[in-house]
Each structure stands twice: as C-alpha cells, then as structure tokens.
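Build the complex: two chains, separate frames, hints provided.
One-letter residues, chain by chain:
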Amino acid sequence: AQSVAQPEDQVNVAEGNPLTVKCTYSVSGNPYLFWYVQYPNRGLQFLLKYITGDNLVKGSYGFEAEFNKSQTSFHLKKPSALVSDSALYFCAVSPPFSGGYNKLIFGAGTRLAVHP
Amino acid sequence: GAVVSQHPSRVICKSGTSVKIECRSLDFQATTMFWYRQFPKQSLMLMATSNEGSKATYEQGVEKDKFLINHASLTLSTLTVTSAHPEDSSFYICSAAEDRGQSYEQYFGPGTRLTVT
Chain A
1 AQSVAQPEDQ VNVAEGNPLT VKCTYSVSGN PYLFWYVQYP NRGLQFLLKY
51 ITGDNLVKGS YGFEAEFNKS QTSFHLKKPS ALVSDSALYF CAVSPPFSGG
101 YNKLIFGAGT RLAVHP
Chain B
1 GAVVSQHPSR VICKSGTSVK IECRSLDFQA TTMFWYRQFP KQSLMLMATS
51 NEGSKATYEQ GVEKDKFLIN HASLTLSTLT VTSAHPEDSS FYICSAAEDR
101 GQSYEQYFGP GTRLTVT
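From first to last, the protein sequence lines stand for chains A and B. Each step along the first sequence adds one to the number in the working numbering, with nothing skipped, and position 62 is 62. Each step along the second sequence adds one to the number in the working numbering, with nothing skipped, and position 87 is 87.
It is worth saying that the hints were derived from the structure and are not from the lab. The beta carbon of each residue, even a glycine, is placed where N, CA and C say it ideally should be. Wrong hints could be hidden among the right ones.
[As the list claims (entries may be wrong)] Quick list of simulated restraints, FRET-style, between CB atoms:
{"hint": "1", "chain 1": "B", "residue 1": "63", "chain 2": "A", "residue 2": "79", "range": "40 to 48 Å"}
{"hint": "2", "chain 1": "A", "residue 1": "29", "chain 2": "B", "residue 2": "39", "range": "24 to 32 Å"}
{"hint": "3", "chain 1": "A", "residue 1": "10", "chain 2": "B", "residue 2": "55", "range": "19 to 27 Å"}
{"hint": "4", "chain 1": "A", "residue 1": "54", "chain 2": "B", "residue 2": "65", "range": "40 to 48 Å"}
{"hint": "5", "chain 1": "B", "residue 1": "87", "chain 2": "A", "residue 2": "39", "range": "23 to 31 Å"}
[Stated by the list, open to error] List time: in silico PhoX-like cross-link candidates among lysine-lysine, alpha-carbon distance up to 25 Å:
{"hint": "6", "chain 1": "B", "residue 1": "20", "chain 2": "B", "residue 2": "55"}
{"hint": "7", "chain 1": "B", "residue 1": "20", "chain 2": "B", "residue 2": "64"}
{"hint": "8", "chain 1": "A", "residue 1": "69", "chain 2": "A", "residue 2": "22"}
{"hint": "9", "chain 1": "A", "residue 1": "22", "chain 2": "A", "residue 2": "77"}
{"hint": "10", "chain 1": "A", "residue 1": "22", "chain 2": "A", "residue 2": "58"}
{"hint": "11", "chain 1": "B", "residue 1": "14", "chain 2": "B", "residue 2": "66"}
{"hint": "12", "chain 1": "B", "residue 1": "64", "chain 2": "B", "residue 2": "14"}
{"hint": "13", "chain 1": "B", "residue 1": "55", "chain 2": "A", "residue 2": "103"}
{"hint": "14", "chain 1": "A", "residue 1": "22", "chain 2": "A", "residue 2": "103"}
{"hint": "15", "chain 1": "B", "residue 1": "14", "chain 2": "B", "residue 2": "55"}
{"hint": "16", "chain 1": "A", "residue 1": "77", "chain 2": "A", "residue 2": "49"}
{"hint": "17", "chain 1": "A", "residue 1": "103", "chain 2": "B", "residue 2": "66"}
{"hint": "18", "chain 1": "B", "residue 1": "14", "chain 2": "A", "residue 2": "49"}
{"hint": "19", "chain 1": "B", "residue 1": "64", "chain 2": "A", "residue 2": "103"}
{"hint": "20", "chain 1": "A", "residue 1": "69", "chain 2": "A", "residue 2": "103"}
{"hint": "21", "chain 1": "A", "residue 1": "103", "chain 2": "A", "residue 2": "49"}
{"hint": "22", "chain 1": "A", "residue 1": "58", "chain 2": "A", "residue 2": "69"}
{"hint": "23", "chain 1": "A", "residue 1": "49", "chain 2": "A", "residue 2": "22"}
{"hint": "24", "chain 1": "A", "residue 1": "77", "chain 2": "B", "residue 2": "41"}
{"hint": "25", "chain 1": "B", "residue 1": "20", "chain 2": "A", "residue 2": "103"}
{"hint": "26", "chain 1": "A", "residue 1": "103", "chain 2": "B", "residue 2": "41"}
{"hint": "27", "chain 1": "A", "residue 1": "103", "chain 2": "A", "residue 2": "58"}
{"hint": "28", "chain 1": "A", "residue 1": "49", "chain 2": "A", "residue 2": "69"}
{"hint": "29", "chain 1": "A", "residue 1": "22", "chain 2": "B", "residue 2": "41"}
With the rest of the complex left out, here is chain B (with noise of 0.2 Å):
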C-alpha cells in the first residue's frame, strides 16, 4: 500500500516551453502533497505544499508563476514548470501524506527528470 506514481519519469523540453509533472496516490487518498527539487548530489528541498482544493503555499524563494501547483482531487497533484530554461533542469519529487489521522509519514513518488535544453 501507499503507493505513489509520477509521470513522466523523464522529459526533456526546450527552452521557452512548459511542462506538466503529475503526481498520483494510487491507493490512498492524500489531502496533501509535497513537491521537492533535488539538485545532483543534493538534498531535497520543499518547494511548495498542496492542498487538495485549496492554493498551494511556497516556500520562501520559489516562484508560483513559474512552478504552477494544482491539486484537483484526493489522489492527483500536478506541477507544471512554465516557460522552463536550462536552469529549471532537475529531479522533481512529490510526495503524498496519507489522509489517516495523524500518520506523519510521506510517501514519495520515483522522481521526474527535467532536462531543459
């Protein structure tokens, strides 16, 4: 149980388009889902919580116009990456808590590779 997808595993767009990232619990719901961004040997850091039927809250230095959140139901969040350039280029992670009480865990999906070219 507690599974979370991510689609697609890998992209690679040119500089100037847009990309959607989806986030999918698959056998949960989640009223909330997290999205991180993973430098190359790094750690991970939040970029924003979702909250499914309500605006997502950044974090602190992330650009809502640029990196568009919506969470549309219990087990779908979806990110998109407008008018993307090379240094937007990284690894994507969402991650879903489980609407069960207070569980405290997040489950996180396998990742999406963005290449900016």
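Next comes chain A alone, as it looks inside the complex (with noise of 0.2 Å):
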C-alpha cells in the first residue's frame, strides 16, 4: 500500500538552530514530493515540491528539502529555526499516473515547536 510516514510527532527545538522533519514514503515510480505547512484553525500552505531535478529544493520562508531516492526520504530542513515557524507540518506525496491533477497522499504530521 502507499504510505507516507512522519516518524516524530513533535520536533523541538531552539530558535537560532537548525531544524528537520523528517518524511519517507513507499510508492512504487517516482512520484511527487510535497510540503505543506497548517496553522491553527487555517488550511494548508504551500512550502515547497520536488518533481525531477535537483535533488535539493528550496521553498518559502527559508525552508528546503533534499529528495533522497535509494532513502525514498524528503526531509524537510531549514538553517536556522524562527518561533514563527511553530506550526503542523505535512508530508504528501503524488504517486505516478494517478491523474493530471494527482491526488495527495498526506503524512500525519509533525507539530513544530520553536522556542526561544
């Protein structure tokens, strides 16, 4: 079954320090790499995909991801952590000839908590 896991419910950590959360998937091909980014009581943002090239990607607000294939990992990184960055981070992958528009596939999620 496809499947994309976000193995930390919660990731902690010091405003000023670097940050990762982690994803990895199984579905089968190549598919779509996706992160998205929920507020409290909001929808999804849009941070940053991988669809071919580079295996490092850089998306908004300073965030980026480095695709790993032999890992199927799409880590989710950034340099130096904000508190403003506190917030529920997903992981979703498109598996290959689902459609045009493919559907997403969402990890569980993984809160971030940035503190200062």
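The structure is reproduced here in structure tokens:
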C-alpha cells in the first residue's frame, strides 16, 4: 500500500538552531513530493515540491528539502529556526499515473515547536 | 495569486439538517478540486475528487449520497453534508488544482469547521 511516514509527532528546537522534519514514503515509481504547513484552524500552505531535477529543493520562508531516492526520503530542513515557524507540517506524495492533477497522500503531520 | 476561499469558515447545525460548504478559486480556473476531511490532531483524508462538469470521484468508504459534491463551474465546487450527525463534525478543507498544464500543485482553502449538535 502507498503511504507516507512522518516518524516524529513533534520536533522541538531552539530558535536559531537548524531544524529537520523527517518524511519517508512508500510509493512505487517516481512520485511527486510536497511539503505543506498548517497554522491553527487554517488550511494548508504550500512550502515546496520536488518533481524532477536537483535533489535539493528550496521553498518558501527559507525552508528546503532534500530528495533521497535510495532512502525514499524527503526531509524538510531550515538552517535557522524562527519562533514563527512553529506549526504543523505535512509531507505529501502524489503517486505517478494517478491523473493529471494528482491525488495527494499525506503523512500524519509533525508539530514543530520552536522555543525562544 | 492562487487563492482559494471557503464559506462558511465555521458552521453549527442540528442533527438531521444539511449543510453546504462552498469552495472557490478566486484568481484562477480549477478544473479539479479536492475535498478533504481532517479530524483533530490527525492528517487530511481525501474524500473525493471533483471535476468540473462531471461526477465526483469518491474515495473508498466515503458515502457519496451523504457527501454531495457539485462542481458546476471552473471556480466553484460545493460539498453538501446531508442529514448531518454528530460524527460528521470535523474540519473540511478543499483544494484546487490550477488549470495551467502540469503545475502539480494544489492550493488549499482555509477550511470549514462543522459542528453538528
């Protein structure tokens, strides 16, 4: 079965320190990969995506993610965390051949808490 | 650009009544819209895929007669929860895929919190 795993329910990091939010996936073929962020009682905001090309993808708000095909991972990173980055982060994959505007399979989400 | 709105943002209804939620793409045309349901502290669960001018495609386990979806135009999709019950209380989120070739991105609405009493 196709799935996305975010192994950490919560990640705690001090402001100014680097952060990593982990994501691995189990999808056959070459899926498209996404990261979204959700603030309380809000919809999801797009952060970045990997479709093809360079394995390191840069996105909004200083975030980046690295695609690792051999490890089937797409970890989200930021060199220096801000308190305002505190939110719920979702990794999502879109399996190949699932349609022109592909369905998204979401991970369970990881809550990022950045403390001053 | 690529803004998606939902209305209402919050609704409380009595058990047995029906509720309609609107999803609009404000500055782009969306051939395809998606409806998700999110339970507290859980991930988004895709309920159905809505294509303009055709019937929605429902995910396994989602009752199409209970969750009626209409996608009458390239900028509007509606989800109607019929004969709502307390277990239908949830956060409903729509998304829209921009009709611009293979953009692959879905733009999400702010969500609608439904409470059935």
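How the hints compare with the structure:
no.	hint	result
1	B:63 to A:79: 40 to 48 Å	47 Å, holds
2	A:29 to B:39: 24 to 32 Å	30 Å, holds
3	A:10 to B:55: 19 to 27 Å	40 Å, violated
4	A:54 to B:65: 40 to 48 Å	47 Å, holds
5	B:87 to A:39: 23 to 31 Å	26 Å, holds
6	B:20 to B:55	17 Å, holds
7	B:20 to B:64	14 Å, holds
8	A:69 to A:22	14 Å, holds
9	A:22 to A:77	9 Å, holds
10	A:22 to A:58	16 Å, holds
11	B:14 to B:66	16 Å, holds
12	B:64 to B:14	21 Å, holds
13	B:55 to A:103	16 Å, holds
14	A:22 to A:103	21 Å, holds
15	B:14 to B:55	28 Å, violated
16	A:77 to A:49	13 Å, holds
17	A:103 to B:66	22 Å, holds
18	B:14 to A:49	41 Å, violated
19	B:64 to A:103	18 Å, holds
20	A:69 to A:103	20 Å, holds
21	A:103 to A:49	14 Å, holds
22	A:58 to A:69	17 Å, holds
23	A:49 to A:22	15 Å, holds
24	A:77 to B:41	22 Å, holds
25	B:20 to A:103	23 Å, holds
26	A:103 to B:41	21 Å, holds
27	A:103 to A:58	23 Å, holds
28	A:49 to A:69	15 Å, holds
29	A:22 to B:41	18 Å, holds
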